[in-house]
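Go ahead and model the full structure; you've got the sequences and the hints to work with.
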Amino acid sequence: MNAIEVNGLRKEFKAYSSRSGLSGAFRDLFTRNYKIVPAVNDINFTVKQGEMVGYIGENGAGKSTTIKMLTGILTPTSGSVIVNGMNPHRERERFVQTIGVVFGQRSQLWWDIAVQESFRLLKKVYKVSDADYNEHMDHVIKTLDLEPLLDKPVRKLSLGQRMRCELAAALIHNPPLLFLDEPTIGLDVLVKLKIREFLKEINEKYNTTILLTTHDLTDIEALCERVVMLDEGNIIYDGALKSLKERWGEGKEISFEFLEKAELNHLETLTGDLDIKWELDERKQIFTAVTGDDEEIVSQVIARTVAAYKVRDVKINEPSTEEIIRNIYDKGMLQHG
Amino acid sequence: MFYISMFFQYVAQYMKTRLEYRADLIVEIFSDLLFQAVNLIFILVVFDHTEFLNGWSRDEIIFIYGFFLVPYALFSSFFNIWDFNERYIVKGELDRILTRPIHSLFQIILERMELESLFGAVTGLAVMFYAGSRLGLEVSWSDPLLFVVFVLGGVLVYAGIFVMIACISFWADARTSIMPMMYNIGNYGRYPVDIYNNVIRFVLTWILPFAFVGVYPAAYFLGRDEWYGYSFLTPVIGLVFFSLSVFIWNEGVKRYRGAGN
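As given, the protein sequences belong to chains W and F, one line each in that order.
Sequential numbering from 1 applies to the first sequence in the numbering used here.
Sequential numbering from 1 applies to the second sequence in the numbering used here.
Since the hints were made in silico from the structure, they are not lab data.
Source: prediction; values computed, not measured.
Backbone N, C-alpha and C fix where the C-beta goes; we use that ideal spot for every residue, glycine too.
One or more hints might be untrue.
What the hints assert, rightly or not - With the C-beta cut set under 10 Å, the calculated list includes, among others, these residues of chain W facing chain F:
#, residue
1, 94
2, 113
3, 122
Here you go:
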């Protein structure tokens with residue numbers, strides 16, 4: 001069963017542009033210039049029940065707009081969205097019973113009242129029975145370590161504490177689908193780890209589908225097998241995170257620091273028959289060989305260089321996911337530009 | 001049924017929040033009472049100088065004013081939507097509202113209620129009893145019932161108009177100054193409409209029917225039978241305007257653009 005089915009989804013916004021100067025302002029009074037900007041441009045994807053999907057893109061790529069259409073907040077301009085077998089916007093009130101939402105920058109909880117009171121009110125809002133609530137939430141509260149926070153008003157919580165409470169609040173009705181928009185923004189590493197662990201656990205226990213947007217790619221690496229990448233309203237990649245690395249990861253870099261003075265020319269002639277490129281850093285200390293993914297070439301380069309010079313330090317770097325993604329965006333711009 | 005139980009849940013929550021700030025609560029109740037007392041004295045002093053106004057006696061005018069205060073108090077306790085644009089559209093709070101399984105307008109009413117305003121209803125009743133006893137009005141068995149119906153009608157009129165104005169935010173981005181203006185216009189409903197010229201009277205009856213919050217229903221209790229037709233229209237106008245406003249609201253929510261993160 002598919003949790004999310006999106007077909008030809010499109011959302012356009014009218015963007016008004018104002019003319020310059022006072023006379024321009026007067027003209028704007030009568031006829032405003034606007035152009036129609038597609039924030040989300042005919043995208044298609046499906047998410048299966050129980051999948052954890054990372055939804056990534058730069059600011060303004062259309063992530064939030066998509067999430068808002070999937071959660072029934074915004075009406076699509078065209079295309080179809082079926083989430084949990086329903087049309088989110090048309091059957092909003094019935095639909096939102098089946099999803100949980102965490103917006104990292106917006107609180108779901110009541111500012112002035114104790115956390116447990118917020119939970120209690122949400123329990124009523126979602127019509128959760130006492131038995132279900134106790135069984136499910138006891139576990140959530142224990143795992144997220146919320147017990148000491150329950151009787152504190154939300155305004156007195158730190159960001160990390162609040163985020164954990166937000167997450168628990170989104171799960172009160174144990175929804176089969178969870179939307180997380182920047183859930184770890186501004187959190188320290190320990191809280192991040194706790195949240196990730198918790199998400200993995202509920203995914204395993206309840207087969208909860210999770211759609212996650214974040215700027216922190218370590219979140220995605222830790223949680224998601226699949227990523228959907230968005231650029232200027234278009235999906236530019238949809239698939240496994242691993243093959244993303246294989247396809248776009250541009251080989252390895254081997255950096256050498258030598259005890260004696262080395263010459264770039266000499267290094268180049270040494271490895272002239274291999275398909276690599278040598279680079280020198282600004283301080284003329286570190287020589288870097290950029291290679292492909294071929295392990296053979298990597299070991300050849302090291303063997304020949306070490307034989308020729310005394311070496312202080314050797315490092316082999318693989319590009320991080322972050323670098324890969326930056327890379328894709330630079331190229332993606334060219335393709336769509 | 002669910003909505004009624006949610007209503008009481010939120011009221012309970014509201015009380016809890018209020019009790020948390022005990023000092024605040026006491027100060028607020030005190031200042032509310034003081035405000036109402038000043039209001040009461042002010043009404044009596046102002047109307048002391050008007051013996052007759054276009055065929056309405058001083059006590060009748062005070063009675064109308066008193067009646068007006070009751071639906072107005074109910075309206076201000078539950079329809080605090082004057083800052084809807086800033087709070088919910090610009091700050092994007094509506095996002096949160098829309099991810100919960102309760103009608104969006106109802107949630108906003110619940111979130112924004114301010115029960116202290118109900119004190120105004122007490123003042124209104126006091127004013128009505130004061131003026132009523134001076135006029136020698138008699139209370140028949142049907143009066144309390146009709147009073148409730150007319151008050152609810154008046155609340156719906158007020159609510160309908162203000163919800164419609166709040167809906168402008170769904171179509172236009174800019175902040176408008178219509179809200180405060182409308183509060184001013186609303187005040188005209190508390191005086192007998194036949195003191196105004198015909199255009200204003202028409203507007204206050206059919207377009208911005210604030211007259212149905214004050215003078216028309218109050219005329220019934222004053223035994224002014226030339227206005228009875230209008231009096232009994234009060235709940236009808238209330239329902240029509242409020243239904244229309246909910247319809248516009250629902251259309252507006254579809255056009256909601258959200259706020260950028």
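### Message
residue 94 of chain W was flagged as interface toward chain F. Is the shortest Cβ-Cβ separation under 10 Å?
### Response
holds (7 Å)
### Task
Under 10 Å, Cβ to Cβ, is where residue 122 of chain W needs to be relative to chain F, so tell me if that hint holds or is violated.
holds (8 Å)
### Message
Please check whether residue 113 of chain W passes as an interface residue: C-beta within 10 Å of a C-beta belonging to chain F.
### Response
Residue 113 of chain W check passes; min Cβ-Cβ to chain F is 6 Å, inside 10 Å.
Every hint, counting from the list given before, is met by this structure.
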